[in-house]
Amino acid sequence: MKQYLLSVVTPTGGEPPAPEELKAIMADVEAFHDELKAAGAWVFAGGLHAPETATVVQVTGGETVMTDGPFIEGKEYLGGICIVKAPDLDAALEWGRKAATAISLPIEVRSFVQD
Amino acid sequence: MDEPRVGAREVERVFRAEYGRAVSVLVGVFGDIDVAEEAVQDAFTVAVERWPATGLPPSPAGWIITTARNRAIDRLRREATRDERQAQAAALLAARAAEARDGEDEGAVRDDRLRLIFTCCHPSLGTGAQVALTLRLLGGLTTAEIARAFLVPEPTMAQRLVRAKNKIRQAGIPYRVPYESDLPDRLRAVLSVVYLIFNEGYAASSGDRLVREPLCTEAIRLGRLLVELMPDEPEALGLLALMLLSDSRRAARVSPGGGLVLLADQDRSRWDAALVAEGQELVRRCLRRGRPGPYQIQAAINAVHSDAPSAAATDWPQIVVLYDQLAAITPSPVVALHRAVAVAEVEGPAAGLALVDALGPELTGYHLSYAIRADLLRRLGRDTEAADAYEAALACTGNAAEQDFLRARNREARGGG
Chain C
1 MKQYLLSVVT PTGGEPPAPE ELKAIMADVE AFHDELKAAG AWVFAGGLHA PETATVVQVT
61 GGETVMTDGP FIEGKEYLGG ICIVKAPDLD AALEWGRKAA TAISLPIEVR SFVQD
Chain A
1 MDEPRVGARE VERVFRAEYG RAVSVLVGVF GDIDVAEEAV QDAFTVAVER WPATGLPPSP
61 AGWIITTARN RAIDRLRREA TRDERQAQAA ALLAARAAEA RDGEDEGAVR DDRLRLIFTC
121 CHPSLGTGAQ VALTLRLLGG LTTAEIARAF LVPEPTMAQR LVRAKNKIRQ AGIPYRVPYE
181 SDLPDRLRAV LSVVYLIFNE GYAASSGDRL VREPLCTEAI RLGRLLVELM PDEPEALGLL
241 ALMLLSDSRR AARVSPGGGL VLLADQDRSR WDAALVAEGQ ELVRRCLRRG RPGPYQIQAA
301 INAVHSDAPS AAATDWPQIV VLYDQLAAIT PSPVVALHRA VAVAEVEGPA AGLALVDALG
361 PELTGYHLSY AIRADLLRRL GRDTEAADAY EAALACTGNA AEQDFLRARN REARGGG
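Taken in sequence, the protein lines are chains C and A.
Each residue of the first sequence is one higher than the last, beginning at 1 in UniProt numbering.
Each residue of the second sequence is one higher than the last, beginning at 1 in UniProt numbering.
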């Protein structure tokens, strides 16, 4: 069984959904998580705070430097992740399709390196 | 002593005919494309050495598959001696390979090739990668041949293939015929890869025709394979029919000077009668299924052209009906444009022009829409406007034969206006 990372591709500077809309999305996401667990495909899932809450830590020549904000600023940012177990890409893409339906955002599906 | 010799050309022929079959069986056994390709190439190296002396084995494909499998097992065992875990994996593979030997009936081989086609044309791969993999693994074309046909440097094509194979392995693209619910979409992807290969060869400009025409032959070979593997898919039949009917006109669509000859001006005695007959029979066969699709309808349109002994005798009303059907299934501005051409033949150029002018902005930059508009204007005697449209068309195509044709028409329009 392989493991896949489902990344929520969130547009930078997009309007957050209205409260009642958000509530509906959260219910759909909860249902998606329940489905993953029932299928034995669940590993982990979680939403992330906005990129401006991030801190970048770098160590150069033994010295630690901390920087405010995301390392790379782009048109999209990582809004949340979900890790699933799936036998192959087709199965992982099917989970990706369900996640994209629940969240109404594009989902990137990528496999973990395995030995 | 006088036994027929097996020369390099004979081995080459077997290679082209059987490479895809052998690779797909070996991928099925070992679960890895690189292992499979390497093993099959090893087997052909042995064949080049042995066959001239021993003669062709009774089943060259079976010989290649068995030899490749044994080579791959030897290699895996050798590499596994270092590591206990690898040794176990190799033992498992060898056992599976031995099992596979017993179950090697023609049906199983057929399924392997079908799996490989769906892997090569998986929607998670880019179109360029799908095309390259299909030609390499199923067509048995060398990387150099594919690179030449697509006018890219060989290292670029080699890298494209390596990346695609890495993605298959790393992302876990399955080696499997898709689930029933995914099959229509996935089949569409396979058919469009084969048709794209055909069109790359068919639309080739005069200068590089020689290196690109083999793509038509290869696409038709793949089309025949799809029909053999999926005899119940009418769209696979439709695609093959469409390619055969288009290909039947290959000799007639190029003038001795290398220029483009339009359908209406072609010498119909130069159409390949055998290809026309085969294509028309396939059109009848698939339409009987009563599950029309875009390839079947396009093939039917081509069959109507093939039926006509002269351009003037073409059953244009029938073609308009078929374009109406096509537009109902796959509405697109390109379909609407071709329908306008057929309408112009039935109701006159003014009616066709009205339809072309009513098309939306989606066709901006598409050379054929300007060329068709130019032709309709020319037939209406509006030469200055026609010349402007020919110039717009010229600015949008890089194909040398098409450019020559448009320049000639443009000169005529300017001269007459």
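The hints are simulated quantities; they were obtained by calculation from the structure and are not laboratory data.
There may be inaccurate statements among the hints.
[Unchecked claim] Heads up, simulated BS3-like pairs for lysine-lysine below, C-alpha to C-alpha not over 25 Å straight-line:
1) C:Lys85 x A:Lys167
2) C:Lys2 x C:Lys85
3) C:Lys75 x C:Lys37
4) C:Lys2 x C:Lys98
5) C:Lys98 x C:Lys85
6) A:Lys167 x C:Lys98
7) C:Lys2 x C:Lys23
8) C:Lys75 x C:Lys2
9) A:Lys165 x C:Lys75
10) C:Lys37 x C:Lys2
11) A:Lys165 x C:Lys37
12) C:Lys98 x C:Lys75
13) A:Lys167 x C:Lys2
14) C:Lys37 x C:Lys85
Item to check | Hint numbers not upheld by this structure, sorted from lowest to highest | outcome: When the structure is compared with the hints, numbers 3, 7, 8, 9, 11 turn out to be violated.
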